[in-house]
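*Asks:* Taken in sequence, the protein lines are chains F and H. Mapping of the first sequence onto this note's numbering: position 27 corresponds to residue 208, and the numbering continues sequentially without gaps. Mapping of the second sequence onto this note's numbering: position 8 corresponds to residue 189, and the numbering continues sequentially without gaps.
Everything labelled a hint here was simulated from the structure, so no lab data went into it. Predicted model only: the values in this text are computed from it and were never measured. Treat the hints with care, since some could be wrong.
[Unchecked claim] Think about it this way: if two alpha-carbon atoms lie no more than 27 Å apart in a straight line, the pair counts; the simulated DSSO-like pairs of lysine-lysine are:
| no. | chain 1 | residue 1 | chain 2 | residue 2 |
| --- | --- | --- | --- | --- |
| 1 | F | K307 | H | K303 |
| 2 | H | K214 | H | K303 |
| 3 | H | K238 | H | K303 |
| 4 | H | K238 | F | K307 |
There are 2 protein chains.
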Amino acid sequence: MSLADSRTAPGAPLRGRPRSEAVERAIVEGVMKLLEEGVPLAELSIERIARTAGVGKATIYRRWSGKEELFVDVVRAAEPPDPELPGTCMRDDLVALLEQLRQRGVVSRTSMILHNVYAQMKSSPKIWCAYHATVIEPRRRLQLEILRRGQRNGELRTDVDVDVLNDILVGPMLVRSVMRPDAELPEGLSEQIVDTVLEGLRPVSSAS
Amino acid sequence: MSLADSRTAPGAPLRGRPRSEAVERAIVEGVMKLLEEGVPLAELSIERIARTAGVGKATIYRRWSGKEELFVDVVRAAEPPDPELPGTCMRDDLVALLEQLRQRGVVSRTSMILHNVYAQMKSSPKIWCAYHATVIEPRRRLQLEILRRGQRNGELRTDVDVDVLNDILVGPMLVRSVMRPDAELPEGLSEQIVDTVLEGLRPVSSAS
């Protein structure tokens, strides 16, 4: 199972022939262009997007049910790609997961466009819901699956609810990348968080 | 040191005679009333607040520099009070800190008014900044101080940056209470997070 699978999950438009992909790309890039020009999301009508991309409105509606679904694809196109999980051990899979969150945080700080896209998305409950259903929920299901496998393999304690364990592992990186725009996101942070959380925060000398 | 100290930190209005406190309360409650009636933050002018509270605009401006500062006091009045830290050991102080975050999360789910207040606050960068400076930053400084004391006392590992340790401890509760409105916030969660994070996520049998 790879995170990339989640990209073709519910809500993703059906991909057709190569020519169709080029049209989709033109439409997604059209939305990007408008956002880069500072057009607020509320003024991004399908009509305006169609005009910018040089296609008819029907061409857009054949691919996306509406602005929400289209916008989620725009966000995904601007985000770093989902990682291939090494699948060798839970620790390495967790590092790969956190590394994607870290890179997403780095990109959203350095890319004005992605930064704005996130901000606008959060101000629209419908689009936030669509993003949640097609991107965040599948990613979360994958995280929980990795942890359950870790519990089966004896890599993770089994006396705590897997949801709580997930928040303990992913929480620190989410807090840094999403809630604390001033927090550092240095290379090696993913490894540091995963290893520290797995080992515990008590001084090593007092471990029994 | 108690979290309550941070309430009189920079930005808090100077408290005068008892009569003055009653006026302040009337103003804060006036804002609450308007918010409960569904008036959006953007339409909450000082003039309208003054009219609702039955005071003059000057009375408000004598106490708050503007809408931002006033609104932060409204949020603080609606939030659960800051906890008294037991100060006996790092673990108990951390549980008290997380417990306040948990209760804040519970209240913001059950209280429509506080829920709306947070949502509106986040949509206003100026008010969010003011809240950050007067509520979140002092709380964070206190958290870091507790952890540094824990490192000095041998209760916390010293080989990891204290900022990262703080995110590892507070992150899971923040993620639940702020980012995941569907997540459960049961009693005992604070203890469970703190103890699990301190002990580590590896199975107990494999601890060396």
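*Asks:* Hint numbers the structure violates, sorted upward?
*Replies:* Hint 4 alone not satisfied by this model.
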